[in-house]
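Enquirer: Same order as they appear, the protein sequences are chains E and B.
Everything in the first sequence is counted per this note's numbering, starting at 483 for the first residue and increasing by one.
Everything in the second sequence is counted per this note's numbering, starting at 129 for the first residue and increasing by one.
Possibly wrong hints are sitting among the right ones.
[To be verified] Derived DEER-like restraints, expressed as beta-carbon distance ranges: (1) E:Y493 x B:I297: 40 to 48 angstroms; (2) E:E642 x B:L202: 39 to 47 angstroms; (3) E:Y493 x B:R218: 51 to 59 angstroms; (4) B:R218 x E:R569: 27 to 35 angstroms; (5) B:V256 x E:V561: 27 to 35 angstroms; (6) E:A558 x B:F261: 53 to 61 angstroms; (7) E:K594 x B:A209: 47 to 55 angstroms.
[What the hints assert, rightly or not] Chain B residues, not near chain E, derived (Cβ > 10 angstroms throughout): (8) M129; (9) L133; (10) P222; (11) L234; (12) V256; (13) L270; (14) T291; (15) V295; (16) N305; (17) V314; (18) V319; (19) A321; (20) L341; (21) L408.
Hints listed in this document are in silico derivations from the structure and should not be mistaken for laboratory results.
Built from N, CA and C at the ideal position, the CB exists for glycine as well.
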Amino acid sequence: MSALAALYAGYSSLILLAGVAALLALSVYVTLMAGQLSLGNAALAAIGGYTAAILTRDHHVPLWPAVLAAAAVATAAAVAIGIPALRLRGIYLALATLAFGEVVRAAALNLKITGGALGLINIPPLAGFWQVYGALAGAALFFYRLERSRVGRAFAAIREDEAAARAMGIKVTHYKVLAFAIAGGLAGVAGALAAHFAYVITPAQASFTEAVNILTFAVVGGTSTFVGPMAGGVLLTVLPEALRGLREERLLLDGAILMAVTIYCPNGISDPRLWRWRRARR
Amino acid sequence: MTVFLQQLVNGISLGSVYALFAVGFTLVFGVLEIVNLAHPAVLAVGALVAYTLLSTLGVGLPLAIAGTLLATGLLGLALDAAAFRPLRARRAGPLASLITSIGAALILVSAAQRVWGTEPLGYPPGIVPLRFFSAGGVTISLLQIVILGTVMVLVVALRLLMTRTRVGIAIRAVAENPETASLLGVPFNRVVAFTLFLTSALGGVAGLLVGMLFQGSVSPFMGDTYGLKGLAAIILGGMGDITGAMLGGLAIGVGEVMIVQYLSSSYRDAVAFGLLFLVLVIRPTGLLGQQRSREA
């Protein structure tokens with residue numbers, strides 16, 4: 483046990499970051515489940531982070547009420563962009579959510595309450611291992627149930643063929659908004675927790691780069707089950723640190739991993755076929 | 129009024145560079161239905177290659193433009209072979225190409241860092257003599273004229289290529305319907321490779337022009353800013369539409385300059401992307417775009 487404690491003491495911020503990355507990957511995964519590609523999740527997480535940070539830092543609200551408030555605000559924002567964005571498909575939806583992210587970033591840069599370009603500092607250190615991984619375990623359980631529920635099957639039906647799903651009597655619009663709402667809530671929680679162990683939050687958290695990172699977690703991990711995005715988030719956070727000796731080549735490696743995974747294992751690293759001793763022939 | 133006209137001139141010369149860059153985005157989208165997120169990295173590499181040509185080798189501007197066209201064009205071919213072609217072979221969706229293009233962009237930026245370093249670079253002064261012409265209180269610099277002229281020549285050449293040559297017609301046929309074009313004997317893979325060559329060459333020159341317009345802005349990371357603006361331009365103009373992308377680029381350039389002049393510089397991006405979101409929601413095909421039958 484002491485070895486574990488020592489490991490945690492040495493790498494606590496990395497371990498916490500990995501947990502948050504897994505949560506964020508799940509938030510992008512839930513919209514992918516319903517066939518919707520969103521690049522606005524970083525902005526949603528930033529909205530959650532700012533909300534929670536303002537509550538705990540300036541109004542001395544305890545952590546969990548602040549996290550719930552963050553989730554509520556981020557969910558509201560996600561629904562607000564989700565409803566008009568539902569007229570859009572595929573790449574157009576991705577670009578609209580991207581534009582939303584840029585608006586959030588610009589707003590955070592300019593508003594007084596968000597501290598401008600410097601962001602908010604001195605956020606109380608309220609989130610630790612149990613808070614982050616408790617939330618992640620809760621999310622994992624939620625997804626385990628979701629994938630086997632009526633809602634999860636409706637998401638899958640919409641992803642496979644929207645017209646067919648509609649013909650089967652599935653309320654497509656209803657479920658798409660629901661997917662956005664869940665994504666918003668998760669991103670809000672992740673952003674709120676991250677702010678309380680990083681102690682700072684800046685507008686860069688809503689940037690395009692961050693949004694792409696989150697999407698990468700999900701795609702590299704694989705999007706056939708909820709395990710994939712979690713594995714992707716953890717791996718892509720820990721791997722660059724483990725390869726710290728190759729810091730110079732960090733970007734190069736990231737790029738190569740992204741390309742290799744997308745081209746050679748299209749179902750992500752969590753694809754069960756990759757982990758058998760002998761790969762089944764197709 | 130003079131201020132307005134002056135800013136209009138400034139906006140158009142900035143916008144013409146955005147337009148040149150956006151054309152590359154839109155052509156690839158038109159042909160492959162993918163958003164090539166490595167395009168901004170190609171812009172940066174173009175600006176850096178031009179830096180080597182202009183500063184280290186000391187060649188003149190026409191030769192530098194030609195060299196950049198060729199270098200980034202070849203880069204485009206490599207990009208297609210490494211990032212897009214393997215996915216086409218597997219008939220993967222547009223999301224996969226989006227991700228491989230992000231991967232390719234990371235590799236390009238990191239390689240550029242290795243070659244040119246991370247410090248911002250500037251082109252040697254005097255490539256274009258510092259001369260100004262004014263009429264009725266509006267001043268235009270020789271640099272702005274050179275930039276506008278270069279963009280115009282390239283755009284006219286592109287237009288002629290697309291309408292008058294076999295390869296241009298092949299590109300348009302593939303954009304219209306890849307299956308039918310293949311059935312009619314258009315070599316799909318070669319057309320796509322050529323499209324990447326063409327768009328990357330234009331993107332590289334756009335990088336050179338940006339580097340001349342903003343002294344000391346050339347670095348491996350310069351693509352980030354222009355990537356978002358290019359996307360905004362093609363959304364505004366309608367995805368896949370060349371004229372639309374050019375007008376979109378001009379509109380963004382002029383709009384940016386005007387917002388800074390008449391509103392506030394800090395809300396520049398918020399206004400631009402807020403409008404963009406509205407355009408997408410109200411008219412998803414862009415202001416000029418037409419409904420594409422394949423979308424539904």
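Enquirer: Now look at each hint and say whether the structure bears it out.
Expert: Hint check results:
no.: 1; hint: E:Y493 x B:I297: 40 to 48 angstroms; in the structure: violated (59 angstroms)
no.: 2; hint: E:E642 x B:L202: 39 to 47 angstroms; in the structure: holds (40 angstroms)
no.: 3; hint: E:Y493 x B:R218: 51 to 59 angstroms; in the structure: violated (38 angstroms)
no.: 4; hint: B:R218 x E:R569: 27 to 35 angstroms; in the structure: holds (31 angstroms)
no.: 5; hint: B:V256 x E:V561: 27 to 35 angstroms; in the structure: violated (52 angstroms)
no.: 6; hint: E:A558 x B:F261: 53 to 61 angstroms; in the structure: holds (54 angstroms)
no.: 7; hint: E:K594 x B:A209: 47 to 55 angstroms; in the structure: holds (50 angstroms)
no.: 8; hint: M129; in the structure: holds (30 angstroms)
no.: 9; hint: L133; in the structure: holds (28 angstroms)
no.: 10; hint: P222; in the structure: violated (6 angstroms)
no.: 11; hint: L234; in the structure: violated (3 angstroms)
no.: 12; hint: V256; in the structure: holds (33 angstroms)
no.: 13; hint: L270; in the structure: holds (34 angstroms)
no.: 14; hint: T291; in the structure: holds (27 angstroms)
no.: 15; hint: V295; in the structure: holds (26 angstroms)
no.: 16; hint: N305; in the structure: holds (18 angstroms)
no.: 17; hint: V314; in the structure: holds (24 angstroms)
no.: 18; hint: V319; in the structure: holds (21 angstroms)
no.: 19; hint: A321; in the structure: holds (17 angstroms)
no.: 20; hint: L341; in the structure: holds (22 angstroms)
no.: 21; hint: L408; in the structure: violated (4 angstroms)
Comparing the model with each numbered hint stated earlier shows that hints 1, 3, 5, 10, 11, 21 do not hold.
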